[in-house]
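Chemist: Could you slot chain B onto chain A? The hints should help.
Going down the list, the protein sequences come from chains A and B. End of the first sequence sits at 261 in full-length UniProt numbering; the numbers just go up one at a time, nothing left out. End of the second sequence sits at 261 in full-length UniProt numbering; the numbers just go up one at a time, nothing left out.
Among the clues, some could well be false.
You can't tell identical chains apart in this list, so a pair holds if it fits in one copy or across any two.
Okay, derived cross-link-like pairs now, BS3-like style, lysine-lysine, Cα gap no bigger than 25 Å in a straight line [what the hints assert, rightly or not]:
hint, residue 1, residue 2
1, 239, 77
2, 154, 142
3, 242, 142
Honestly, the hints are just simulated from the structure, not real lab data. Being a predicted model, the structure only gives us computed values, none of them experimental.
Protein chains: 2
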Amino acid sequence: MPEPQPDTNNDPPYELIYWHVIPGRGEHIRLCFVEAGVPYSDTAFIEGGMDTLHTYISEQNLGDKVNPPPLAPPILKHGDLVISQTPNILLYLGPRLGLAAGQGNDIYKVNALALTALDGFSNEVHNCHHPIAIDLYYEEQKEECLRRVKDWVKHRLPKYLGYFERVLSGTASGEGPWLYGGVLTWADLVFFQTLDGTSYMFRKAVAAAKQSGKYNRVFQHYEAVKARPRIAEYLATEKRQKYSNYGVYRYYEELDVVADE
Amino acid sequence: MPEPQPDTNNDPPYELIYWHVIPGRGEHIRLCFVEAGVPYSDTAFIEGGMDTLHTYISEQNLGDKVNPPPLAPPILKHGDLVISQTPNILLYLGPRLGLAAGQGNDIYKVNALALTALDGFSNEVHNCHHPIAIDLYYEEQKEECLRRVKDWVKHRLPKYLGYFERVLSGTASGEGPWLYGGVLTWADLVFFQTLDGTSYMFRKAVAAAKQSGKYNRVFQHYEAVKARPRIAEYLATEKRQKYSNYGVYRYYEELDVVADE
Numbered sequence: 001m002p003e004p005q006p007d008t009n010n011d012p013p014y015e016l017i018y019w020h021v022i023p024g025r026g027e028h029i030r031l032c033f034v035e036a037g038v039p040y041s042d043t044a045f046i047e048g049g050m051d052t053l054h055t056y057i058s059e060q061n062l063g064d065k066v067n068p069p070p071l072a073p074p075i076l077k078h079g080d081l082v083i084s085q086t087p088n089i090l091l092y093l094g095p096r097l098g099l100a101a102g103q104g105n106d107i108y109k110v111n112a113l114a115l116t117a118l119d120g121f122s123n124e125v126h127n128c129h130h131p132i133a134i135d136l137y138y139e140e141q142k143e144e145c146l147r148r149v150k151d152w153v154k155h156r157l158p159k160y161l162g163y164f165e166r167v168l169s170g171t172a173s174g175e176g177p178w179l180y181g182g183v184l185t186w187a188d189l190v191f192f193q194t195l196d197g198t199s200y201m202f203r204k205a206v207a208a209a210k211q212s213g214k215y216n217r218v219f220q221h222y223e224a225v226k227a228r229p230r231i232a233e234y235l236a237t238e239k240r241q242k243y244s245n246y247g248v249y250r251y252y253e254e255l256d257v258v259a260d261e
Numbered sequence: 001m002p003e004p005q006p007d008t009n010n011d012p013p014y015e016l017i018y019w020h021v022i023p024g025r026g027e028h029i030r031l032c033f034v035e036a037g038v039p040y041s042d043t044a045f046i047e048g049g050m051d052t053l054h055t056y057i058s059e060q061n062l063g064d065k066v067n068p069p070p071l072a073p074p075i076l077k078h079g080d081l082v083i084s085q086t087p088n089i090l091l092y093l094g095p096r097l098g099l100a101a102g103q104g105n106d107i108y109k110v111n112a113l114a115l116t117a118l119d120g121f122s123n124e125v126h127n128c129h130h131p132i133a134i135d136l137y138y139e140e141q142k143e144e145c146l147r148r149v150k151d152w153v154k155h156r157l158p159k160y161l162g163y164f165e166r167v168l169s170g171t172a173s174g175e176g177p178w179l180y181g182g183v184l185t186w187a188d189l190v191f192f193q194t195l196d197g198t199s200y201m202f203r204k205a206v207a208a209a210k211q212s213g214k215y216n217r218v219f220q221h222y223e224a225v226k227a228r229p230r231i232a233e234y235l236a237t238e239k240r241q242k243y244s245n246y247g248v249y250r251y252y253e254e255l256d257v258v259a260d261e
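Bound conformation, chain A alone (with noise of 0.2 Å):
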């Protein structure tokens, strides 16, 4: 692998191509650009943005010389680099800017800790709503959900819950709120990310999680990258998009339950 460089005034741009109306998965990726200080254009807010997008994901694609076709965004395009899969970018972006936490072996750790809150956590959490099919609305598989949201409140948030803290517990994770290292990373914005999306799905199941006392390293993580300045910042402004009924997380009153005992 490359030792990535340090971005350069010649560095090309950063291109996120990603939906718009939803923070979706996309959202991870910008969390990152946004700690770091660093620009990036964004096709969730470019007039024809969607145009781009779905020419990079159509069937008519096969991609170009060196890059393969992308199945579905977040697509991140740097020079002439195109490249998908979030956990992927993330591992492109994180070295490059700033937000990995050192040197040698550290990268897979760091991997580890993203891909465990994104295609564990972040991915069932999706799935309480597509128990059926990805291709279904959720009016078609309502009663489906409710089980299924039932089942993972009980069982899977504590397992996700517990695991982070322990993280958050053992010598790895460093001095202070971090998770590897002592030094913030791009797991801990995708953590971040993903806690703050099931808090918004679920806020009686989470809001009892953090009143158990079980958690307190994970809720204080939380807070912590709340209160980066940037982090901050952004989230106060038009460019942080509200979750809505499209995307990743999905608030129904029905299916905000907090475990039966």
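Modeler: Just chain B, lined up with the frame of chain A:
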């Protein structure tokens, strides 16, 4: 990121920590070692191996000085390094085992393809048996499974097969049967294993897809991996564990459906 060094006799041994009885997600890692001809140990075949595994994933495990605890297997130990998450382990091993395409940014393209096969295709297949809850048995969610499977076979299977057919048709795949850069990478092994498991599970639907002639490159790719001398030899041994109804890929006759028109 460190430039990975070729293995030498001084390199510490590779230790795979994974469940016994099922091929599961550990199989992706095994195939990399097999193709590379690099020895590794495997808790699936070691007496007391499951004790080792349970120690790693115990809720009492806080990791060590430099490694956060893993959430779940597969886990790779290599000297002092302990990492988890299948795509992350593959990312670490790929260049070290000579299964990465080349230099520079190639690794991010291979990683994206592997993630698409693993965390898209394979996870969706897995979820076909767990629409309501990962913790519930298939027997407790049979009806929902059938609804999900019918939809998956109709909409998602062609989506993934079509996507990889496009990747193989594109210029970036290079000469020969492989997904990227004209050489066999860990993404090829991942996609092979994913399709192999899916073919076991949905034999009618995959046979119909093959018959359709729409995905000829995909099925040629599958045969090309299967015919690699070390892979072919391995698949014929007992080390290649059979699919069973405990794993990612399961066969239930009532779920072996073809897409309705």
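Chemist: As a check of your reading, is residue 239 near residue 77 (CA-CA no more than 25 Å) within one copy, between copies, both or neither?
Modeler: Answer is within; shortest intra-copy Cα gap is 20 Å, inter-copy 42 Å.
Chemist: Which holds for residue 154 with residue 142 at a C-alpha limit of 25 Å: within a copy, between copies, both or neither?
Modeler: both (18 Å within a copy, 21 Å between copies)
Chemist: Which holds for residue 242 with residue 142 at a C-alpha limit of 25 Å: within a copy, between copies, both or neither?
Modeler: within (23 Å within a copy, 36 Å between copies)
Going through the hint list in order, the structure satisfies each hint without exception.
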